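Chemist: Listed here are the chains, written in short residue letters.
2 protein chains.
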Amino acid sequence: MSKDKQFVTEITPQGEDFSRWYIDVIKKAELMDYSPVRGCIVFRPDGYEIWEHIQAEMDRRFKETGHRNAYFPLLIPESFFQKEKDHIEGFNPELPWVTEAAGEKLEERLAIRPTSETMFGHMYSKWIKSYRDLPVLINQWANVVRWEKRTLPFIRTTEFLWQEGHTAHETEVEAREETMKMLELYRSFLEEYLAIPVITGQKTPSERFAGAVDTFSIEAMMKDGKAVQAGTSHYLGTKFAEAFEIQYLSRENTQEYVHTTSWGTTTRLIGSLIMVHGDDRGLALPPKVAPTQVIMVPIGPPKTREAVVGRTDELFVELKKAGVRVKVDDRSDVSPGWKFNEYEMRGVPVRLELGPRDMENGVCVLVSRITGEKKIVQQDNLIEEVKAMLEQVHQEMLDRAKQFMSDHFYSVDNLEEMKMRMEESRGFTLAGWCGTVECERKVKEETGATSRNIPLEPAETKETCIVCGEASKHTVVFARAY
Amino acid sequence: MSKDKQFVTEITPQGEDFSRWYIDVIKKAELMDYSPVRGCIVFRPDGYEIWEHIQAEMDRRFKETGHRNAYFPLLIPESFFQKEKDHIEGFNPELPWVTEAAGEKLEERLAIRPTSETMFGHMYSKWIKSYRDLPVLINQWANVVRWEKRTLPFIRTTEFLWQEGHTAHETEVEAREETMKMLELYRSFLEEYLAIPVITGQKTPSERFAGAVDTFSIEAMMKDGKAVQAGTSHYLGTKFAEAFEIQYLSRENTQEYVHTTSWGTTTRLIGSLIMVHGDDRGLALPPKVAPTQVIMVPIGPPKTREAVVGRTDELFVELKKAGVRVKVDDRSDVSPGWKFNEYEMRGVPVRLELGPRDMENGVCVLVSRITGEKKIVQQDNLIEEVKAMLEQVHQEMLDRAKQFMSDHFYSVDNLEEMKMRMEESRGFTLAGWCGTVECERKVKEETGATSRNIPLEPAETKETCIVCGEASKHTVVFARAY
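Chains as they are written, first to last, in full-length UniProt numbering: chain A, 1 to 482; chain B, 1 to 482.
If we strip away everything but chain A, and leave its shape as in the complex, we get:
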């Protein structure tokens, strides 16, 4: 078996077993490794760097919208969780507890934070005195731990990395505006940066965050048709303010509870972009977050090798200076074909080939990871050409993902149809819902799909409930989900 052949067969085709494809790809591309701790992964440099690029841009957008970062304690006293009834009910089953430290039993157990509403609530009650202190707009980049039953690298891990925004406002109107602003920030970030189209919408009551008055989400479609909830934004009303006594002196000189919000995205974004864009050749990384954006491969016979490698190195320096994340693979002991496969598997968005004939002509070849399109470009104009090609690859990825989502988005009128879609073609289904928990549960039992959200802008309005046939209250996206 040739080296090239052997290479390709190491990745399970998506059509054969999507889950195995996913694990094959992320391990082979060295994005992660399993750790010795249940459900925890190690984010290896190429995996972590994707997160660094996500962080940098998202952080920039948070700051641009007036938020500042802070850092709150990892450990949360048990009594804090008791203060908001829905919150403890939701999170209690997943909490890990520190019960001993420095050789002694603790007086009160400390939970490792699964989220920090309670700790922020406690501190906000000390800091907020007057309407002049509002709004408070703080974000935190942190690790959190949730003892999940079923785990999957990046998508659902016991420990994960995330950002959690926590804001406090004078009025419901302001707090709701913040909730929607951050939802839209997430939506546009995913589209513009990760090339992932999403459905934005409101969660049904049963899918709300524990302690929220209203939860909104962005839902992305993976290539197996399943949904990933890629970010959430919550309007918490005055529930946490009441639990933690966050009151302020209003403009009318009365004591009022603040209205709070929280919103978060996690390292599951890494898993999402892999399952949205990857294919049987391996990863396909969106150019804006790819650790390596351009791989340069010098080619040609041994006698021209030195000159070609020399010229490649010159172009490398130019691209690097221009801020392109670029690498050269000039190894002579592996074939160009092997390298092409290798970097396609690793998801590098653009390949640059340079051979002796190209050198003579002052050109080189750029190849898109997505379409395989080859473009001959002038070396004199390389920086602009590479940047345009990276932009083009981003657009190709977004177009394909949109096309895939639209091809797998079904309007359905009865449970049988939804069930068929879930089993045969996979994807999202749009259906009417009367608003009762019973009908929502029935959908899940019959089809395996859960309500993802009530889209803010549904493609159409469904008039009757898919289960009971009564007048529908909402038009809902149902799908199987990670």
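Hints listed in this document are in silico derivations from the structure and should not be mistaken for laboratory results.
Bear in mind the structure is a predicted one, so any value in this text is a computation, not a measurement.
It cannot be assumed that every hint is accurate.
The list makes no distinction among identical chains, and a pair is therefore deemed to hold if it is satisfied within one copy or across any two copies.
Unchecked claim - In silico DSBU-like cross-links for lysine-lysine, where the CA-CA straight-line distance does not exceed 30 Å:
1) K226 <-> K288
2) K473 <-> K85
3) K339 <-> K126
4) K327 <-> K129
5) K126 <-> K85
6) K402 <-> K226
7) K126 <-> K149
8) K327 <-> K303
9) K28 <-> K129
10) K63 <-> K129
11) K63 <-> K339
12) K181 <-> K320
Could you slot chain B onto chain A? The hints should help.
Modeler: For chain B alone, coordinates are given in the frame of chain A:
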């Protein structure tokens, strides 16, 4: 009592009670707040932003020297600590343990990481197979927890933020080179970015990191003369490689243990820069990490107010565009004098004043937080002038800190003299040491000073041990330390 007077008296003078001064300043400037969890603080936005600037520049320097970031699990199985005897002895007394999760008792206790040599060791043993895989140069930005008996905000907290570098190399020579390279990176970073001069040197065996063959540190002098160990770099030999079976196939086709290093700096850098630069007026923040670098205060009578504020805002936009972190305080209900005090207390490096006469003349006034020097500059040239002033303030801070350190650095020949220095003038003392643990312990008992390090470049060489009078083996810096 006038508002201005009242303001100043809220901060305890350094000479009266340095510890109270420290707490007064960091609370009043809203850098931190105490949290409900023992020994844990909340890093408020102005405190956390200092860390963000430290991170950004240090991270840039790490990457420039070939390191990449990754992320390893927070929780470490108990059995891992047992593998390296010195390591567990050193850290066991400080470990917090997770013993329950999701309602069940865990089979094996999990420690919250106090440092990650063991987890890196375990993973490196899976990843490193051949000399071709070396060196491995990974850094991690993370939170760690150590159950300390005495805590002090930023300087020693139960949970703190840090970076920990972990590298693996073929040879001792290479690993030792890395150890010294990172020590030098820390030294130059502190000087160039935080305006903190340090003593770089080797730790005595009793002060080594638990599990290290050799530990090096940078030691900074606070304004009360006490030392802060501001960063450490360890050569770990093959100790962790042997404990975790990190072997590689050498160029000679033999199985060898890798040589590892680790190195770290923490959020105690924030505490250090406060105690190095602050004064009775409050904080003094190094310009390169100050959340606000320039505070603009429009002044003058009400009738010219609108015009002056308008022009201030125009200049604000110019400075902001040029990348200066700048703010305007145009409140009309507090006096300029009050504002001057306020931003001096908050440590803003440069104040910009603009009055009606300045407007007529096309000038404004820049004031240094350190010297109080006022400089009239042309508005046309403002960006360059402000940048030069920020550079000047950095240099003033560094010069003063160097001067302070040199004024409080004593060469001593007997214990009485060292004791006197520790009690009267405070500072660092340079003394000979025979190399025995007994004499080192005696110094501590008699003077309260501990060995800080054996400077790489001592000001002089001391010939006899300060305790026993025998020939000295090392010239050591002794000081009381945080």
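Chemist: Please go over all the hints and tell whether each is borne out by the structure.
Modeler: Taking the hints in turn, this is what the structure says about them:
For the homomeric pair K226 and K288, the shortest alpha-carbon distance inside one copy (24 Å) is at most 30 Å, but the shortest distance between copies (47 Å) is not. With identical chains, the CA atoms of K473 and K85 are at most 30 Å apart within one copy only, with a shortest distance of 28 Å there and 65 Å across copies. Taking the shortest Cα distances, K339 and K126 sit within 30 Å of each other only across copies (24 Å), while inside one copy they are farther apart (58 Å). Taking identical chains as interchangeable, the C-alpha atoms of K327 and K129 lie at most 30 Å apart only when they sit on different chains, with a minimum of 24 Å there against 54 Å within one chain.
Taking CA atoms no more than 30 Å apart as the test, K126 paired with K85 passes inside one copy only; the shortest distance there is 22 Å, against 45 Å between copies. When the C-alpha separation of K402 and K226 is checked against a cutoff of 30 Å, the pair qualifies only within one copy, where the shortest distance is 15 Å, while the shortest distance between copies is 62 Å. When the C-alpha separation of K126 and K149 is checked against a cutoff of 30 Å, the pair qualifies only between copies, where the shortest distance is 26 Å, while the shortest distance within a copy is 37 Å. For the homomeric pair K327 and K303, the shortest alpha-carbon distance inside one copy (23 Å) is at most 30 Å, but the shortest distance between copies (62 Å) is not.
When the C-alpha separation of K28 and K129 is checked against a cutoff of 30 Å, the pair qualifies only between copies, where the shortest distance is 16 Å, while the shortest distance within a copy is 54 Å. For the identical chains of this complex, K63 and K129 are intra-copy neighbours only, at 24 Å inside a copy versus 44 Å across copies, given an alpha-carbon limit of 30 Å. When the C-alpha separation of K63 and K339 is checked against a cutoff of 30 Å, the pair qualifies only between copies, where the shortest distance is 25 Å, while the shortest distance within a copy is 40 Å. For a Cα distance limit of 30 Å, the shortest separation of K181 from K320 across copies, 25 Å, qualifies, whereas the shortest one inside one copy, 36 Å, does not.
When held up to the earlier numbered hints, the structure conflicts with none and fits them all.
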